[in-house]
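Q: Here is how the chains run, residue by residue.
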Amino acid sequence: MSYSTHRRGKRAIALATAAFALGATLVGCSSDAGGRGNADDIEAALQEESTITVWAWAPAVEKIAEAFEEKYPKITVNVENVGTGNDQYTKLQNAIKAGSGAPDVAQIEYYALPQFVLSESLVDLNQYGFGDLEDKFTASTWNSMSMDGKLYGLPQDSGPMAMFYRKDVFDKYGIEIPETWDDYIAAGKTIHEADPNSYITSDTGDAGFTTSMIWQAGGHPYSVDGTNVGINFQDEGSKKWADTWNELVENDLLAPTGSWTDEWFRGLSDGTIATLIIGAWMPGNLEGQAPEGAGDWRVAPMPQYEAGDTATAENGGSGDAVLEQSDNKAVAAAFVKFMNAEEDGTSISIDMGGFPSTTADLQSDEFLNYESDYFGGQQINKVLSEAADNVVEGWQYAPFQVYANSIYADTVGQSYANHSDLNEGLKAWQKAQEKYGAEQGFTITD
Amino acid sequence: MTSAQTLSTRPVRRDRRDWTGWTFVGPFMIVFALVFIAPVIYSIYLSFFQDQLVGGNSFVWFDNYAQALGDPKFWDALGRVTLFLVVQVPIMLVLALAAAMAIDSARLHFSGVFRISIFLPYAVPAVVATLMWGFIYGDRFGLVGNINDAFGISIPDPLSNSWILLAIGNIVTWEFVGYNMLIFYAALRVIPTELYEAAELDGAGAFRVIRSIKLPSIKGAVVIATIFSIIGSFQLFNEPNILQTIAPNAISSYFTPNMYAYNLSFAGQQYNYSAAIAIIMGLATMIIAYVVQLSGSRKDA
Chain F
1 MSYSTHRRGK RAIALATAAF ALGATLVGCS SDAGGRGNAD DIEAALQEES TITVWAWAPA
61 VEKIAEAFEE KYPKITVNVE NVGTGNDQYT KLQNAIKAGS GAPDVAQIEY YALPQFVLSE
121 SLVDLNQYGF GDLEDKFTAS TWNSMSMDGK LYGLPQDSGP MAMFYRKDVF DKYGIEIPET
181 WDDYIAAGKT IHEADPNSYI TSDTGDAGFT TSMIWQAGGH PYSVDGTNVG INFQDEGSKK
241 WADTWNELVE NDLLAPTGSW TDEWFRGLSD GTIATLIIGA WMPGNLEGQA PEGAGDWRVA
301 PMPQYEAGDT ATAENGGSGD AVLEQSDNKA VAAAFVKFMN AEEDGTSISI DMGGFPSTTA
361 DLQSDEFLNY ESDYFGGQQI NKVLSEAADN VVEGWQYAPF QVYANSIYAD TVGQSYANHS
421 DLNEGLKAWQ KAQEKYGAEQ GFTITD
Chain Z
1 MTSAQTLSTR PVRRDRRDWT GWTFVGPFMI VFALVFIAPV IYSIYLSFFQ DQLVGGNSFV
61 WFDNYAQALG DPKFWDALGR VTLFLVVQVP IMLVLALAAA MAIDSARLHF SGVFRISIFL
121 PYAVPAVVAT LMWGFIYGDR FGLVGNINDA FGISIPDPLS NSWILLAIGN IVTWEFVGYN
181 MLIFYAALRV IPTELYEAAE LDGAGAFRVI RSIKLPSIKG AVVIATIFSI IGSFQLFNEP
241 NILQTIAPNA ISSYFTPNMY AYNLSFAGQQ YNYSAAIAII MGLATMIIAY VVQLSGSRKD
301 A
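Chain order of the listed sequences is F and Z. The first sequence finishes on residue 446 if you use this note's numbering, and the numbering steps up by one all the way, no holes. The second sequence finishes on residue 301 if you use this note's numbering, and the numbering steps up by one all the way, no holes.
Hints were generated in silico from the structure; no laboratory data involved. Any given hint might turn out to be false.
Pairs of lysine-lysine residues, derived as DSBU-like cross-links and limited to a Cα-Cα distance of at most 35 Å, are as follows [unchecked claim]:
| hint | chain 1 | residue 1 | chain 2 | residue 2 |
| --- | --- | --- | --- | --- |
| 1 | F | K240 | F | K172 |
| 2 | Z | K73 | F | K427 |
| 3 | F | K239 | F | K74 |
| 4 | F | K435 | Z | K73 |
| 5 | F | K63 | F | K150 |
| 6 | F | K91 | Z | K219 |
| 7 | F | K150 | F | K435 |
| 8 | F | K172 | F | K150 |
| 9 | F | K431 | Z | K219 |
| 10 | F | K239 | Z | K219 |
| 11 | F | K240 | Z | K73 |
| 12 | F | K382 | F | K167 |
| 13 | F | K239 | F | K167 |
| 14 | F | K167 | F | K150 |
| 15 | F | K240 | F | K435 |
| 16 | F | K136 | F | K150 |
Here chain Z is said to cover these stretches of chain F; the calculated rule only asks that three of the stretch's residues, wherever they fall, bring their Cβ under 8 Å from a Cβ of chain Z [stated by the list, open to error]:
| hint | region |
| --- | --- |
| 17 | 58-67 |
| 18 | 80-94 |
| 19 | 409-417 |
| 20 | 433-441 |
The C-beta atom is built at its ideal place from N, Cα and C for all residues, glycine as well.
Okay, chain F solo, but in the shape it has when bound:
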């Protein structure tokens, strides 16, 4: 807010409302210019001069586009980074509402996909025979991209969860790698009692983390069938996670540091945040933003509720979808396939730090035997690749997950802020989502 704009106060409000509203009137003119196609169309289309636009934030996409252009010289690929995650979804949603302006291909995180499926803005890639590619991908990522027998894109990367920990901190306090969450909580107490500035991990409440943790605990808070949406954040799995994590929240055992902040990376650098339970895409971020932690970090499987279990969940990760608005669906589909299912594309992705969702890459010797200097020479991909195999099946996100996540801090976040029972926060979150769902015309089931 700047006071120079206050003079134009009403104008500013009106402009703002109008700006985001502008998109809304033009609804209804969704085009089908590209028509239905099949696998043969792709080969033909690739031999003709054409241009496609790709909205993606993953750094590798630019390079993959260059490789694609080299292979198919008649095609021009424009890669645009219009913002990461939410920022891009807002623009995408506006373009879909407006009926024009959407790219041919968009990177969409797994949790946000159902929202775009609902508005029928994504192309079913089965028509190009992409259904046969199923064997190439891990079950969890493939399932994230397919709904009701339709395939809405190909998985780009994945984030099976693991525990990243500071070996130096564990050694200092004589802590064994925790096998169960009970061990983990005990380790948290040991660390915080020894040094009040140190914590087992940081968590100020994060919707993606919460849903992933409930996923690991076997919870199914969302049951979605078309426009029927059931929400239950008090099912067995959700409660199991909340009751466990309460031990850390209520006893002040979590570093009060928001993720991705400057303070967070400093904590990861100096060891005052001793572990992270996070997706397998984290190593690159650690190397880049917490360079002082080099040599001290290690990776271990995620702690379990019962010793001997191996359950894990997906945390983050995204796929690439072809938009219904595209005039060049065949080429768009070809690019999605090149990027995610052909070695020319996936190898670039992996080189640039993306964690693959393709089983061949996950099982390749080169990948598994890679020794990370940052992780003290540990073959981290062996641990992470195993995690990819152990993702609990059957998880669903809500078809309005982007909005649900945006109000997470209003509800569950308050439990974190007050160091009080997470179950209460989860109930409030559920209630707010049910209200929104009903307002948006969904049938909310019990």
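Since chain F is already given, all that's left is putting chain Z on it; use the hints.
A: This is chain Z only, laid out in the frame that chain F set:
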């Protein structure tokens, strides 16, 4: 203009007014209509609809307005900015007034340096200022954390639920004291020096001069600054929205009315409802600004 003039020049003036006048005003009117009137009308139009993710668009008359007026989140947001206004605006304006008086008193050495340094924060973009204060407020690695460590004290976390509004008030005050000071200072500079000479002859002291000459003379400027600040408070958005990334649990998605409208439309795709809220806020701001202006000029009379 008198009716006699109008009558005597009628045949010539009419032609000229119709064409020449519009040529001058035309370009402005077109831009004005496009960027000001059209969006307002369009927002009002939008606010009468409800577009659902499932079920599509329907005309709902005043439902969105009724919903907003019965929405506890909206009232919560409005209450918060009102509290902010009642506390922060007087503090900021008194500080600005004191600074302007000090610089105008001619008793200050290097008054130019003071003027610039108090004004400087206003030249810092609000986004940068908020990020900077965000670092300062950090109680682990920020300045607050450093002070706690150095003196072995424990300053309450400025980014916690109970202190966040104060923390934002501090940022806004820091940003805008200089701006308001400049308005007051400009008003003080145009007071005729004869008044001061007369006061001196009458043996008035410095405080008497402030009370009887300076304050009454810059009343208009005070009213203007108050109106700007009221509008600013109701539009509070940048500071909380940026701080939200580092204090997500302390700043809700409906922390201020503008943030609520923003999140409703951008996260929740409830464009229609958010348009209704924006229009209610616009009206409320207009009414309050008008009341302040009215009461300000009444005392003048």
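Q: Compare the structure with each hint and give your call.
A: These are the hints, each one checked on the structure:
Distance restraint check for F:K240 and F:K172: the Cα-Cα separation of roughly 31 Å lies within the 35 Å cut-off, and the hinted pair is therefore satisfied. Restraint check for Z:K73 and F:K427: the C-alpha separation of about 18 Å stays at or below 35 Å, so the hint holds. A threshold of 35 Å between alpha carbons decides the hint, and for F:K239 with F:K74 the separation of about 55 Å lies outside it, so the pair is violated. For the hint pairing F:K435 with Z:K73, the CA-to-CA distance comes to about 13 Å; that is within 35 Å, so the pair holds.
Between F:K63 and F:K150, the direct Cα distance comes to roughly 29 Å. Compliance with the 35 Å bound is thereby established for this hinted pair. For the proposed pair F:K91 and Z:K219, the alpha carbon gap of about 46 Å is over 35 Å, so the pair is violated. Proximity of F:K150 to F:K435 is assessed by CA-CA distance (about 29 Å); at most 35 Å being required, the pair is judged to hold. For a cut-off of 35 Å, the pair hint linking F:K172 to F:K150 is broken: about 52 Å separates their Cα positions.
Note on F:K431 and Z:K219: the hinted pairing is violated, with a Cα-Cα distance of about 51 Å set against a maximum of 35 Å. A C-alpha spacing of about 62 Å is found between F:K239 and Z:K219, which places the hinted pair above 35 Å, so the restraint is violated. Distance restraint check for F:K240 and Z:K73: the Cα-Cα separation of roughly 31 Å lies within the 35 Å cut-off, and the hinted pair is therefore satisfied. Only pairs whose Cα atoms come within 35 Å are accepted, and F:K382 paired with F:K167 is accepted, the gap being roughly 18 Å.
About 31 Å separates the Cα atoms of F:K239 and F:K167, which keeps this hinted pair within 35 Å; it holds. A C-alpha spacing of about 44 Å is found between F:K167 and F:K150, which places the hinted pair above 35 Å, so the restraint is violated. Taken as a hint, the F:K240 and F:K435 pair is honoured in the structure, with Cα atoms around 25 Å apart against an allowance of 35 Å. Restraint check for F:K136 and F:K150: satisfied, since their Cα atoms lie roughly 17 Å apart, inside the 35 Å limit.
With a cut-off of 8 Å between beta carbons, the region 58-67 of chain F has 0 residues touching chain Z; three or more are needed, and the interface restraint is violated. Chain Z is given as covering the region 80-94 of chain F, and this holds because 3 residues of the stretch bring a CB closer than 8 Å to a CB of that chain, at least three being needed. For a cut-off of 8 Å, the count of residues in the region 409-417 of chain F with a CB near a CB of chain Z stands at 6, and the three-residue condition holds. With 4 residues carrying a beta carbon less than 8 Å from a beta carbon of chain Z, the region 433-441 of chain F meets the three-residue requirement, and the given coverage holds.
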